[in-house]
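Line order of the protein sequences matches chains A and B. Just so you know, we're using the working numbering here: the first sequence kicks off at 1 and counts up by one. Just so you know, we're using the working numbering here: the second sequence kicks off at 77 and counts up by one.
In short, the hints are calculated from the structure, not lab data. Every residue, glycine too, gets a C-beta built ideally from N, C-alpha and C. Some hints here could point you the wrong way.
[Unchecked claim] List time: in silico DSSO-like cross-link candidates among lysine-lysine, alpha-carbon distance up to 30 Å:
1) A:Lys-12 / A:Lys-69
2) B:Lys-132 / A:Lys-55
3) B:Lys-103 / A:Lys-55
4) A:Lys-12 / B:Lys-103
5) B:Lys-84 / B:Lys-197
6) B:Lys-103 / B:Lys-84
7) A:Lys-54 / B:Lys-103
8) B:Lys-132 / A:Lys-12
9) A:Lys-69 / B:Lys-132
10) A:Lys-55 / A:Lys-12
11) B:Lys-197 / A:Lys-12
12) A:Lys-5 / B:Lys-103
13) A:Lys-69 / B:Lys-103
14) B:Lys-132 / B:Lys-103
15) A:Lys-54 / B:Lys-132
16) A:Lys-54 / A:Lys-5
17) B:Lys-103 / B:Lys-197
18) A:Lys-12 / A:Lys-54
19) A:Lys-5 / B:Lys-132
20) A:Lys-5 / A:Lys-55
21) B:Lys-197 / B:Lys-132
[Claimed, not checked] Each pair of labels, with its calculated beta carbon distance range:
22) B:Thr-206 / A:Pro-70: 19 to 27 Å
23) B:Asn-108 / A:Pro-29: 16 to 24 Å
24) A:Glu-50 / B:Ile-184: 17 to 25 Å
25) A:Gly-31 / B:Asp-204: 15 to 23 Å
26) A:Gly-71 / B:Thr-206: 20 to 28 Å
27) A:Gly-31 / B:Glu-83: 13 to 21 Å
28) B:Glu-172 / A:Arg-52: 19 to 27 Å
29) A:Arg-45 / B:Gly-109: 16 to 24 Å
30) B:Ile-86 / A:Val-25: 18 to 26 Å
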Amino acid sequence: MEMAKANLEEAKREYAGQWLAFLVVEEMPTGELLGHVIAHNPDRRELHRELREKKVDRAYVTFAGPVVKPGYAVIL
Amino acid sequence: MNPVFAEKAIVFIPAAEQRGIISNGVKINGPNGFREIDMILDTGAVYTVIAWDVAKDIGYDPAISERRMPIVTANGIIEAPLITVQSIRIRDLGAESVDLICHDIPEITGIEGLLGLSFLKHFRTLIDYTTGLLELTAVG
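With the sequences and hints as input, model every part of the structure.
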């Protein structure tokens with residue numbers, strides 16, 4: 001039986017504050033991404049280590065939270 | 077087989093993220109596969125930058141890279157590994173054999189890379205802050 005696809009934004013709400021590895025299966029015309037959560041971890045490096053151990057060859061790695069911490073500004 | 081790329085990619089910049097222009101889901105390809113990551117557009121950066129872990133995931137080992145580039149950080153000048161990835165792609169627009177630096181962006185941000193000139197030089201780049209639009213067009 002095929003696993004139900006998850007919505008990336010819903011997955012981000014479920015795992016708020018963590019790093020997610022998401023396998024994108026489908027992109028809707030609205031830009032919404034559907035797929036499966038491969039792994040999640042509050043520690044970015046641990047997430048990547050897990051992906052390498054599992055030999056995951058394709059994944060969207062994204063943070064489930066604000067890209068820039070509130071109250072901070074990025075100067076590059 | 078070489079990837080087939082489109083002529084134009086348009087990225088909408090959500091108003092809440094206009095403190096920095098974020099491009100979501102930039103695809104970095106290497107010998108072991110690809111990672112899509114969120115990157116900050118940095119038109120002042122000579123090189124595109126990705127985190128060490130992203131490079132390792134797709135089959136590169138920055139630690140043994142013989143090519144090094146001095147970069148200025150908040151903690152002084154460091155020698156960072158320079159690698160050439162198979163391709164970088166935004167939406168359906170891409171560039172092959174792109175040089176980039178491996179360096180971890182501080183954890184205060186939820187991003188794993190900077191999109192710099194080593195990628196952007198392949199395109200005509202239009203940033204329209206009034207409409208929240210980043211438009212990349214292939215040239216040549």
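Comparing the hints with the structure gives:
1. Straight-line distance between C-alpha atoms of A:Lys-12 and A:Lys-69 comes to about 16 Å, which keeps the hinted pair within the 30 Å bound.
2. Among the hinted pairs, B:Lys-132 with A:Lys-55 is consistent with the structure: their alpha-carbon atoms are about 11 Å apart, no more than 30 Å.
3. Distance check on the hinted pair: B:Lys-103 and A:Lys-55 sit about 17 Å apart at the alpha-carbon level, within 30 Å; holds.
4. For the hint linking A:Lys-12 to B:Lys-103, the alpha-carbon distance of about 19 Å falls within 30 Å, and the restraint holds.
5. Only pairs whose Cα atoms come within 30 Å are accepted, and B:Lys-84 paired with B:Lys-197 is accepted, the gap being roughly 14 Å.
6. Only pairs whose Cα atoms come within 30 Å are accepted, and B:Lys-103 paired with B:Lys-84 is accepted, the gap being roughly 16 Å.
7. For the hint pairing A:Lys-54 with B:Lys-103, the CA-to-CA distance comes to about 20 Å; that is within 30 Å, so the pair holds.
8. Among the hinted pairs, B:Lys-132 with A:Lys-12 is consistent with the structure: their alpha-carbon atoms are about 24 Å apart, no more than 30 Å.
9. Using a Cα cut-off of 30 Å, the hinted pair A:Lys-69 and B:Lys-132 holds, with the two alpha carbons roughly 26 Å apart.
10. Taking the CA atoms of A:Lys-55 and A:Lys-12, the gap is near 23 Å; set against the 30 Å cutoff, the hint holds.
11. Proximity of B:Lys-197 to A:Lys-12 is assessed by CA-CA distance (about 33 Å); at most 30 Å being required, the pair is judged violated.
12. With a CA separation close to 21 Å, the supplied pair A:Lys-5 and B:Lys-103 stays within the 30 Å bound.
13. Our distance criterion of 30 Å between C-alpha atoms is met by A:Lys-69 and B:Lys-103, whose separation comes to about 24 Å.
14. This hinted pair checks out: B:Lys-132 and B:Lys-103 have alpha carbons roughly 15 Å apart, not beyond 30 Å.
15. Distance restraint check for A:Lys-54 and B:Lys-132: the Cα-Cα separation of roughly 13 Å lies within the 30 Å cut-off, and the hinted pair is therefore satisfied.
16. Restraint check for A:Lys-54 and A:Lys-5: the C-alpha separation of about 21 Å stays at or below 30 Å, so the hint holds.
17. Our distance criterion of 30 Å between C-alpha atoms is met by B:Lys-103 and B:Lys-197, whose separation comes to about 17 Å.
18. The hinted pair formed by A:Lys-12 and A:Lys-54 meets the criterion: a straight-line CA distance of about 22 Å does not exceed 30 Å.
19. With a C-alpha separation of about 28 Å, the suggested pair A:Lys-5 and B:Lys-132 falls inside the 30 Å cut-off, and the hint holds.
20. Between the alpha carbons of A:Lys-5 and A:Lys-55 the distance comes to roughly 21 Å, so the proposed pair stays at or under 30 Å and holds.
21. Distance check on the hinted pair: B:Lys-197 and B:Lys-132 sit about 25 Å apart at the alpha-carbon level, within 30 Å; holds.
22. In this structure, B:Thr-206 and A:Pro-70 meet the distance hint of 19 to 27 Å, their C-beta atoms being roughly 25 Å apart.
23. For B:Asn-108 paired with A:Pro-29, a C-beta distance near 31 Å fails the hint of 16 to 24 Å.
24. Taking the beta carbon of each, A:Glu-50 and B:Ile-184 are about 23 Å apart, inside 17 to 25 Å as hinted.
25. Checking the proposed 15 to 23 Å range against A:Gly-31 and B:Asp-204 shows it holds: the Cβ atoms sit about 18 Å from each other.
26. Between A:Gly-71 and B:Thr-206, the C-beta spacing of about 26 Å keeps the proposed range 20 to 28 Å intact.
27. Remark: the range hint 13 to 21 Å for A:Gly-31 to B:Glu-83 is upheld by a beta-carbon distance near 20 Å.
28. For B:Glu-172 paired with A:Arg-52, a C-beta distance near 24 Å keeps the hint of 19 to 27 Å intact.
29. The hinted range of 16 to 24 Å is satisfied by A:Arg-45 and B:Gly-109, whose Cβ atoms lie roughly 19 Å apart.
30. A hinted range of 18 to 26 Å for the beta carbons of B:Ile-86 and A:Val-25 is consistent with their spacing of about 23 Å.
The structure does not agree with the numbered hints 11 and 23 stated previously, though it agrees with the rest.
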